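Enquirer: Starting from the known structure of chain A, fit chain B onto it as the hints suggest.
In case you want the letters, here they are:
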Amino acid sequence: MTDTPSPLEIHDLTVSYQRKPVLYGIDLVVGEGSLVGVIGPNGAGKSTLIKSIMGMIPHNGGWVKIFGKPPGKSCSRVGYVPQRESVDWDFPVSVLDVVLMGRYNHAGWFRRVGKKDRRIACECLEKVNMLPFADRQIGKLSGGQQQRVFLARALAQESDLYLMDEPFAGVDAVTEKAIIEVLRELKSQGKSLVVVHHDLSTAREYFDQLVLLNMRLIAVGKVEDTFTRDLLQKTYGGRLTIFTEVADQSAGIREYDKERRSVSSME
Amino acid sequence: MNAIYSNPIPSRGWCIPLVPFALGCIALFALPAHGEQIGGTNDGLLERSLRFLSLSDGSVRMVVMGTLLMGFGCGIMGGHIVTRRLSLFGDTLSHAVLPGVAVGFLWSQSKDSWAILIGATLAGFLGVALISMIRKTTRIRQDSALGLVLSGFYALGICMLTRIQKMEFGNQSGIDKYLFGQVVGLSESDLWTMLLSCALILLLSVFLYKEMLVTGFDSDFARSIGLPVELLQYLLWLLLAFSVITSLQVVGVVLVSALLVIPAATASLMTEKMDRLLFCSALLGCAAGVIGSFISFLGSHLPTGPLIVLVSAAFFLVTLLFHPRTGLLPQWLSSRGSDRRILRENTLKAAYQELEAMDFKQEIVPVSQLARRRRISMPQAYREVESLVTKKFATIHSPAGDASLSLQPVLLSLTPKGWETACRIVRNHRLWELYLTNEARYAPDHVHEDAEKIEHVLGEETVRRIERILSNPRRDPHGKLIPSQQDIDRGFVA
Numbered sequence: 001m002t003d004t005p006s007p008l009e010i011h012d013l014t015v016s017y018q019r020k021p022v023l024y025g026i027d028l029v030v031g032e033g034s035l036v037g038v039i040g041p042n043g044a045g046k047s048t049l050i051k052s053i054m055g056m057i058p059h060n061g062g063w064v065k066i067f068g069k070p071p072g073k074s075c076s077r078v079g080y081v082p083q084r085e086s087v088d089w090d091f092p093v094s095v096l097d098v099v100l101m102g103r104y105n106h107a108g109w110f111r112r113v114g115k116k117d118r119r120i121a122c123e124c125l126e127k128v129n130m131l132p133f134a135d136r137q138i139g140k141l142s143g144g145q146q147q148r149v150f151l152a153r154a155l156a157q158e159s160d161l162y163l164m165d166e167p168f169a170g171v172d173a174v175t176e177k178a179i180i181e182v183l184r185e186l187k188s189q190g191k192s193l194v195v196v197h198h199d200l201s202t203a204r205e206y207f208d209q210l211v212l213l214n215m216r217l218i219a220v221g222k223v224e225d226t227f228t229r230d231l232l233q234k235t236y237g238g239r240l241t242i243f244t245e246v247a248d249q250s251a252g253i254r255e256y257d258k259e260r261r262s263v264s265s266m267e
Numbered sequence: 001m002n003a004i005y006s007n008p009i010p011s012r013g014w015c016i017p018l019v020p021f022a023l024g025c026i027a028l029f030a031l032p033a034h035g036e037q038i039g040g041t042n043d044g045l046l047e048r049s050l051r052f053l054s055l056s057d058g059s060v061r062m063v064v065m066g067t068l069l070m071g072f073g074c075g076i077m078g079g080h081i082v083t084r085r086l087s088l089f090g091d092t093l094s095h096a097v098l099p100g101v102a103v104g105f106l107w108s109q110s111k112d113s114w115a116i117l118i119g120a121t122l123a124g125f126l127g128v129a130l131i132s133m134i135r136k137t138t139r140i141r142q143d144s145a146l147g148l149v150l151s152g153f154y155a156l157g158i159c160m161l162t163r164i165q166k167m168e169f170g171n172q173s174g175i176d177k178y179l180f181g182q183v184v185g186l187s188e189s190d191l192w193t194m195l196l197s198c199a200l201i202l203l204l205s206v207f208l209y210k211e212m213l214v215t216g217f218d219s220d221f222a223r224s225i226g227l228p229v230e231l232l233q234y235l236l237w238l239l240l241a242f243s244v245i246t247s248l249q250v251v252g253v254v255l256v257s258a259l260l261v262i263p264a265a266t267a268s269l270m271t272e273k274m275d276r277l278l279f280c281s282a283l284l285g286c287a288a289g290v291i292g293s294f295i296s297f298l299g300s301h302l303p304t305g306p307l308i309v310l311v312s313a314a315f316f317l318v319t320l321l322f323h324p325r326t327g328l329l330p331q332w333l334s335s336r337g338s339d340r341r342i343l344r345e346n347t348l349k350a351a352y353q354e355l356e357a358m359d360f361k362q363e364i365v366p367v368s369q370l371a372r373r374r375r376i377s378m379p380q381a382y383r384e385v386e387s388l389v390t391k392k393f394a395t396i397h398s399p400a401g402d403a404s405l406s407l408q409p410v411l412l413s414l415t416p417k418g419w420e421t422a423c424r425i426v427r428n429h430r431l432w433e434l435y436l437t438n439e440a441r442y443a444p445d446h447v448h449e450d451a452e453k454i455e456h457v458l459g460e461e462t463v464r465r466i467e468r469i470l471s472n473p474r475r476d477p478h479g480k481l482i483p484s485q486q487d488i489d490r491g492f493v494a
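Protein sequence lines correspond, in order, to chains A and B.
Mind the numbering: the first sequence is residues 1 to 267 in our numbering, read in order.
Mind the numbering: the second sequence is residues 1 to 494 in our numbering, read in order.
Derived from the structure by calculation, the hints contain no laboratory data.
Since this is a predicted model, take the numbers as computed values, not measurements.
Derived lysine-lysine pairs resembling DSS-like cross-links, with alpha carbons at most 25 Å apart: (1) K20/A x K136/B; (2) K273/B x K116/A; (3) K140/A x K273/B.
If we take Cβ atoms under 7 Å as the criterion, some of the chain B residues that face chain A in the derived model are: (4) D218; (5) S224; (6) K273.
C-beta atoms are modelled at their ideal positions from N, C-alpha and C, and glycine is treated no differently.
With the rest of the complex left out, here is chain A:
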């Protein structure tokens, strides 16, 4: 172990939804100043991985450490970009309001955001070319613009580790370029980024490390080593059928167990 704890360390992380496992025994270490892409087919557990790192989904095995501490203790050092579908775009907030949410952690409980926070929020909007839209209601933007606002909010958090869930999903080419530039700039400042990505054709170009995920960790490492035909085949070429079948069965057994127990207790 080095003196400074690494931004993100995951050991044997296992997560299940309603008893059905979605992630098995994930081990991952993300170093400082790295831009890591997480790729894998639909339902591979990419979003689940991000959410369980943030502690939003409880995990049933293993642990997560962010800068050497459990997730709940290091919120101020983690920036999060959720999937665009996860929020209510009709909510009465303006673009600037949303970016200011990135400053809430700095303002603290019960207090309003200050002038300095406003200035930082405006700077972050400027960085993603969205300052002219600051007063617009958030739902009146295009998908790409909304995603840029999310990115500006993450920038306003001034975090050291960023977790982004599909920031490139459904955005236009201009936005995609703008986003990747910002990501690279963050990386050059020594920040670490973990980005869920769905587009294989750009994955190789955008990231310097890749995590290949399909319910379990297929591979992790430099793009040159991981973006290979073999490993991609392994990631995308169908599930390991016996593996998933047994997993389903085991979930069934446990359900059955519970039912039997409740029946016997009634008797």
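Expert: Just chain B now, kept in the frame of chain A:
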């Protein structure tokens, strides 16, 4: 452009207030028995309104205070839940607290507002907990769970209250007022509980404003910055329960949700900022409360609660129709205005084309020619020409001197203003066609339809840019001349 600007509230949202509106109407006619007069004397209208407005009467003061506080609390809590799409939650909660009211009543053996507040809050939370339990452990969806709890608790509450009324301490207290509400029955301790709940609501909205904002908009993100989202949600429900319970006596179980939903829905038509929305919603709630009780005080046998709801719904209706930005009437007027402008511009364009067909050798166009080119009937053409004349785009002459006899050919000539507008439209049309063929690679026979629409909306700035890109062209893809600034000044195209 229109699609994204059109509707600030969720699409079906505006229907919701109509339901309480209808209920209010029914209540107004069906339940006069429950509408006891505030301070029951039979003075004239003027004296009564003076008595109300001067607040000299103790019972009037109580009523005004009560309805003000109720409007304020419900307005703000409504703003919170409507923006979070939890309107039905308010309705469910108002029904679910009823058994708790009964329990509080039994516990204190009288109508003690604190005991009832505690009992009702507990019942409300039981209802909320039941809803989330049903959702987590079964396949039943949220709306069914809400309906289940709402009706189940309501039925239980009515059974208990009916039973209590038959007991010896029950009949003098008028506990059935909780079903339909009666503002006259307000006691001083009722006002204190109202004041407490309003104070808590105000504290929440001021000091936890940003926390409520972020949990409402993006709960995942709120969790990621370490906010206790569930705790804040329970706090919201607690205060929602408080404002519902304290309002029950004024408007009754059925209409409470109207006071939560209508002012907030009205406010969401007015603004798209949360702080302003909460402010407007509270203001609308207060205004509805006071005006409703004022009207009820003036008339005889008019129930206060339903009237407050009706006033609130009237505010909504007025906003829906007349709000300068989102109102239906201003929107309709502006779209009609632009329709008429487009019609005029098309007539002018036809006149220009007629002049062009004559190589600009004449300056007059027979209206019959115009009608033929526009493919419209003569009366229609006359109407269009008349609208040009009233807007000073053109003048008409008749060789025989009398334009009203339509046997004579009526001739149209454009004023300088009309000529300029005609040139501008034709230029826009032809420039856009050229732009589409040269820059966007459209086939020349695909561009006319599009240009027919775009010509009316191109701004000067865009036209300049197109001219620059195309390096000041003279002819459109079909070989026709594009009128230039000199042509406009000269009065003909060369």
